[in-house]
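With the sequences and hints as input, model every part of the structure.
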Amino acid sequence: MELTITNLSKTYPNGVHALKNISLTIPTGMFGLLGPNGAGKSTLMRTIATLQEPDSGSIMLGAIDVLQQKDEVRRVLGYLPQEFGVYPKVSAEDMLEHFALLKGITNTKERNESVKSLLAQTNLYHVRKKHIGGFSGGMKQRFGIAQALLGNPKLIIVDEPTAGLDPAERIRFHNLLSEIGENIIVILSTHIVEDVSDLCSNMAIIYKGEVQLTGEPLKVLEDYKGKIWKKIVEKSEVEAHQKMYPVISTRLFAGRTLLHVYSDVEPDSSFENVASTLEDVYFATMKARETVPQLTESL
Amino acid sequence: MFYEFFRFELKYHFSRISTYVYFAIFFALGFIAINAAGGAFESVSVGGSGGKVFANAPYPTFQLISVFSYFGVMIIAAIMGTAVYRDYEHNTHALFYTAPISKAGYLGGRFAGSMLIVLLIFTGLALGLFLGSFMPWLDRSKFGSYNLLAYIQPYLVTVIPNTFFIGAVFFALATLSRNVLATYVAAIVLLLGYLAAGNLISDIENEMIAALVDPFGNSAVDLETRYWTVADKNTLLVPFTGKILLNRALWTAFGILVFGAVFKRFSFSQFASEKKNKRLRETEIVEAPIQTLVLPKVSQHFSFKNSLLQMFRAAIGEFKAIVKDMYFIAIVVAGVMFLFISASQLDSLYGTSVYPVTYSILELTSGSFALFLIIIITFYAGQLIWKEREIRISQIYDALPTASWMPFLSKFLALVMVQAVLLFAVMLCSMLIQAFNGYFNFEIGHYIQELFGFQLLNLVLLCALTMFVQVMVNNKYTGHFIMVLYYLLMIFLPQLGVEHNMWRFGADTGYTYSDMNGYGHFVAPYLWFNFYWAAFAVLLAIVSHLFWIRSTETSWKARTIGFKRRLSRGVQTTSFATLAVFAGMGGYIFYNTNVLNDYKSSSALEKEQVKFERKYKKFENAPQPRLKSVNVNVDIFPKELNLAIRGKYVLKNQTGTPIDSLFVNLPSEAKVKSIKFSTPSSLVLSDKNLGFFIYKLSVPLQPNDSIEMNFDLGYKPDGFKNSGINTSVVENGTFFNSDRMPSLGYTSDFEISDDDIRKKHGLKAKERMAPVNDEHARRNTYISHFADWIDFEATVSTSPDQIALAPGYLQKEWTENGRRYFHYKMDSPILNFYSFLSARYEVRRDKWNDVAIEVYYHKGHEYNINRMIHAVKKSLDYYTKNFSPYQHKQVRILEFPRYASFAQSFPNTIPYSESIGFIAKVDPKDEDDIDYPFYVTAHEIAHQWWAHQVIGGNVQGATLLAESMSQYSALMVMEKEYGREKIEKFLKYELQSYLGGRGSERKKEVPLALVENQQYIHYNKGSLILYALRDYIGEEKLNGALAQYINAVKFQQPPYTNSTEFLTYIRSATPDSMQYLVTDMFEKITLFDNKVTAATFKKLPDGKYAVDLTIETQKLYADSLGRETDAAINDWIDIGIFGEGKKKELYLSKHKIDSKAENIRIVVAEKPVKAGIDPYHKLIDRKPDDNVKAVSQ
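Heads up: the protein sequence lines correspond to chains A and B, in order.
Residues in the first sequence are numbered from 1 upward in steps of one, following this note's numbering.
Residues in the second sequence are numbered from 300 upward in steps of one, following this note's numbering.
Bear in mind the hints are in silico, worked out from the structure with no lab data behind them.
A portion of the hints provided could be inaccurate.
To be verified - Taking lysine-lysine and the DSSO-like style, the derived pairs with C-alpha atoms no more than 27 Å apart in a straight line are:
no., chain 1, residue 1, chain 2, residue 2
1, B, Lys1443, A, Lys129
2, A, Lys130, B, Lys619
3, A, Lys129, B, Lys619
4, A, Lys89, B, Lys1284
5, B, Lys623, A, Lys130
6, A, Lys208, B, Lys856
7, A, Lys154, B, Lys604
8, B, Lys1224, A, Lys116
9, B, Lys596, A, Lys130
10, B, Lys916, B, Lys1065
11, B, Lys1124, A, Lys20
12, B, Lys1111, A, Lys109
13, A, Lys109, B, Lys1302
14, B, Lys1469, A, Lys20
15, B, Lys1124, A, Lys109
16, A, Lys154, B, Lys596
17, A, Lys130, B, Lys1224
18, B, Lys1443, B, Lys1224
19, B, Lys1349, B, Lys1124
20, B, Lys1414, A, Lys129
21, B, Lys596, A, Lys116
22, B, Lys623, A, Lys89
23, A, Lys116, B, Lys619
24, B, Lys686, A, Lys89
25, A, Lys129, B, Lys623
26, A, Lys89, B, Lys619
27, B, Lys1284, B, Lys1124
What the hints assert, rightly or not - Which chain B residues face chain A? A few, computed with CB under 10 Å, are given here:
no., residue
28, Leu592
29, Pro595
30, Ser602
31, Gln609
32, Lys623
33, Ile690
34, Arg691
35, Met705
36, Arg868
37, Gly869
38, Gln871
39, Thr873
40, Ile1215
Note that beta-carbon positions come from the ideal geometry of N, C-alpha and C, so glycine has one too.
Here it is as structure tokens:
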């Protein structure tokens, strides 16, 4: 099964052009949707999750027309929204049990087993009787995954799940996601490059409502191999360098500024070649979008 | 610092659109109200104006501004409650609290700034009232001169103190609890105080508590202004003294206290810190996983049955969440408290309560709880609809594979379940109250039928509407506000001319339960209307489902897409089917109310009255024959609610001219089968609509000749009406009177009496009654315009299980064709005023000398039968001894259902409502209890003399002779039985009712001798005056005069007696020195302001005590609107001195008082405790409390 998105566009009433003619094909396995805040990731996620209507375009999940056959999609959908609250005084077990029933698991025995097993696998079994309101951020997100996994989901959408988690929590969460089987489509939207590099077999970078790049992270990195250069300069020199070289990122390093430049050849001898990371790809892609005349805009 | 915050707060609110919207709403309220009062809309009366009270007079202005400002409590909560809380809600507190600001400046500035904003919003009311009153379309005659202070002073008395202290409470609660819901609970507690005060006020003993406990100050104002006359209302400003001052001081002090507390408790560091939370933390080391997650294999089912299961489970979950909510519990506790407070005032009359029979307790409990149910529905409908979105879990829910109708339906069901549980609580509380009152006849079936049948059905409709509104407007607070507007609209719709129940959501024909007749024939129309609205509610639910938001987009465009998607074939079919049911039921209802019955709106009825007067008044003085005898056959069919009347009138021409045209009046619902005269006649005018018919006799009726009139009328009801369900012929407890019979000639009784309405229709203002000495009007009694004394005979038939009754003596009783017949015949002439009753009666019989006493009552209502019989005997004793012989050989008391709550005296027949007296609970040990079954019985028996022997002409003062004299007679019987103290307590209520009645007068107050059928005068003032008169001239002398008068005028022929003649007898029994008293009491409106300003005593050497009193006396004469003028005092007034022990009289004597202030010294034998002027309140004094004072050494 594949999720095929074709020419999807959406403009909000306030004029924000959130999706611009997006087309994507998402195979089974973990798919990373990488982009900065406001790139249109959540709009896309919500549209796939049946919560929003696009202006035009289509989404197909195998044979299911996602935009028309919402009920059918919801039966195979697991959705963890970007931000969600919980009833402060309901235990994890009760809440999950409630969701299980709403997912159509009407057999009580199956439901109980399913809930127990999911709580165990998300490492929440020992706190199953505790109120979710008292969970830490990481536990809450794992609970969110548990509810998304209820039933027999074929499509799981996880929207910005690691924002706000501390490093250990994030690793735990990554571990959990990585355990989800390969034969399910899992879409992970994030603005954190590590999320994608750690977990995803496929990815797309989305920026300003457009898909800038798609592919397998390893192959993509291959394309950038030997093309990323670095140089440490004084703050006062940054502006001049930005004018001269295709600088894709700047960051402070020990009080000075570390520049990364994307170039097929060595810009000059003061630069040093570095191993490219997904982050470089990410920044390079966005930078390209910034400087290249917006050809796609008129399409 | 203070100024900075103050200015910031103002700026903040001035930049918000809501501030202007609130102001506009209040401006509009004021504007609309003054236009309503000024006659811009049809027959709407607001705020105590109307009649002779000007629309812009100080009193109605005060009432309107005050009452509308109570609605503003919501705004106080929204603006002042959140003044500091806002920082926490928006997470700006950390910025503020780390800055170097002072607590006083911060709290004070925010509080003062937000309070000023609220007050500015409230000024909209006064501006609206003031500017609205200048609209060109208003009737200027309804406006008096303007007094600017009248617009300012309500703010000083009500609005500013209330805003301050309510605002302080909300401000404190929200600031300290950091939970805005706490203000809701506080608002409900305030409401509780307001309601409780309104409830407590009905008992004289509780007035002071009521005045203080009302946080809005309304009860205190009511108490201080309750005796205001028209003139007072037009000129006086509500005083800032007495109970009002106390109340305002109390609650303002409370507000200061609360603000002080918040100032003390508040600290920046505490408030800035996050709420304490112990989050679970994980600390173990994390390692990469080595296995794949194995998802448990489950089966998922998505059938309709499964959706239903989910729906019920979700509903139960929602339901549990609500009932566990502490705010829900708080509202319910408040409701239950109010319920018990109201229960302490259980349906009392003169401070004496009734047995808590199920219907009365249910009316009380569900009535007092209704407001809380409405609050809960309004509030929790919003909570339910917004629950997932507020907690930010809606996206998960919305993406679940549930049916899209599931959430709405489960939430709706949860709300209905909450109602059911609350009604169950009402049932338990009701039974508890019954048990506390020692009443253990729990009628569970009745409870269930009332609460879970009738009431729940109506609440379900309300739940559906409220949920619908919440879904559609998609803003919780707007939804609440729309519901408040809805409730207001429902109150005013009938006044705006929308009266038909088919146009007012949830409206129905209503019902009254009676122990005698159960719910009777009210049930069917009630259910028709409610099922009609239920079908409409289903449509609302379908629309709610279609527009339900299951998306992160909430624009109407997005919702329309959802609408189209959900409008499936199934939904379309269901909608059309429901629409068909709705239309079908509507059709059936319309057929009943408008086709089978004549539907008339009140303005249509008004127009008919106008038409009747315009068309037929010209016949008013046309000579007509007089009714001499009546012989009727009345067939009552209780099951069918059917009535057939065949009768014969004998009419005699007592005029000097031949009569050729007979004017026959009939009730419009009568179906005429035939009307025939013994002389051939032709029907020359038949106006069925107005019930007016003219028959022309072929041979004119010569003077002193008689003619027979035979009529055959049917009163079978067709279907049901929109309102006014007929309660005269019912399954058990039929009661109707001679109104159902034809009458002759034009009667002015049907004319519109209200001058405002007359003016609207272009009719001239009209006097209520003819002048006391109008010789022409005195040709008729005030009971009948075409009969004097008649011979009466009736045969009444009913179903075999019932007893049917009519005035007269039973001649024969038999059964024929499965029906029971009773033949009654009266042995002496009676007034043309008789009644028919039929019910399954129990009978208790007794005797007084030769007079048979019979009480016909409903089984189970035995409580007070013996009291009634006792009262009959005592009354007959007193009246025969002091007045004249009893004209009949029998007294019968007949219970009838509580569709009306009066007792009425017909010849030897007294129908007596089940609600007054039959279930009274008189505690003989409680010295405060007044035995009103005894009293009412004595009053009705007295009518056998004062109405059925002495009957006044149809002129002013007629009801003095009937009602005031019956009051006096009954008081005397009661005094002999229960002593003077009970009478004093009774007269306290009479004084209150009289003085209060003056304030509600719409036309003019008149002296007692000129009373124009005004209850507050002929009952309440009558009692006071005649009891005092008895005291001044003595019982024997007064009764002697009354006996002479009765003997002179009883059973007289026209012209009938009047109060002028009556007073000549009174005057002849009154010594010269007291003649002024008769004038003051009967011919003038006299008021006193008596008080003791100083009272001291000295022990004398001989062991006696000298008491020195300083008394002040003021006598006032009032005109018809209550304008007072000082009168010279030269009056005999009681001076009394009381010793230890309960009202031990040491001295009581009348002193001639001839100046406004006097010092009096009296020597008494024992140590005095209290002393005063007019201590027994024989004179009418608006401040009776200051008449007596404790005596100090």
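We went through each hint and held it up to the structure:
1. Lys1443/B - Lys129/A: violated, 74 Å
2. Lys130/A - Lys619/B: holds, 19 Å
3. Lys129/A - Lys619/B: Distance ~18 Å between Lys129/A and Lys619/B Cα, so the pair holds.
4. Lys89/A - Lys1284/B: Status violated; Cα separation ~58 Å.
5. Lys623/B - Lys130/A: Distance of about 18 Å is within 27 Å: holds.
6. Lys208/A - Lys856/B: holds, 24 Å
7. Lys154/A - Lys604/B: Judged against 27 Å, a Cα distance of about 25 Å means the pair holds.
8. Lys1224/B - Lys116/A: violated, 69 Å
9. Lys596/B - Lys130/A: Cα-Cα ~26 Å, so holds.
10. Lys916/B - Lys1065/B: Roughly 13 Å separates the two Cα atoms, so the pair holds.
11. Lys1124/B - Lys20/A: Violated. Lys1124/B to Lys20/A sits at ~99 Å, over the 27 Å cutoff.
12. Lys1111/B - Lys109/A: Distance of about 80 Å is beyond 27 Å: violated.
13. Lys109/A - Lys1302/B: The hint is violated at about 79 Å.
14. Lys1469/B - Lys20/A: violated, 95 Å
15. Lys1124/B - Lys109/A: Given that 27 Å is the threshold and the Cα spacing comes to 83 Å, the pair is violated.
16. Lys154/A - Lys596/B: This hinted pair holds, its Cα atoms lying about 13 Å apart.
17. Lys130/A - Lys1224/B: This hinted pair is violated, its Cα atoms lying about 61 Å apart.
18. Lys1443/B - Lys1224/B: holds, 21 Å
19. Lys1349/B - Lys1124/B: holds, 21 Å
20. Lys1414/B - Lys129/A: violated, 81 Å
21. Lys596/B - Lys116/A: Within the cut-off at roughly 13 Å; holds.
22. Lys623/B - Lys89/A: holds, 11 Å
23. Lys116/A - Lys619/B: holds, 24 Å
24. Lys686/B - Lys89/A: The hint holds at about 14 Å.
25. Lys129/A - Lys623/B: holds, 19 Å
26. Lys89/A - Lys619/B: Status holds; Cα separation ~12 Å.
27. Lys1284/B - Lys1124/B: violated, 42 Å
28. Leu592: holds, 4 Å
29. Pro595: At about 4 Å, which falls below the 10 Å cut-off, the nearest Cβ of chain A leaves the hint on Pro595/B intact, so it holds.
30. Ser602: holds, 9 Å
31. Gln609: holds, 6 Å
32. Lys623: Hint holds; Lys623/B Cβ to chain A Cβ min 8 Å, cut 10 Å.
33. Ile690: Result: holds, 4 Å to nearest chain A Cβ.
34. Arg691: Hint on Arg691/B: holds, closest Cβ of chain A at ~4 Å, below 10 Å.
35. Met705: Result: holds, 8 Å to nearest chain A Cβ.
36. Arg868: Violated, about 15 Å.
37. Gly869: violated, 13 Å
38. Gln871: violated, 18 Å
39. Thr873: With Cβ-Cβ at 18 Å, over 10 Å, it is violated.
40. Ile1215: violated, 53 Å
Going through the hint list in order, the structure does not satisfy hints 1, 4, 8, 11, 12, 13, 14, 15, 17, 20, 27, 36, 37, 38, 39, 40.
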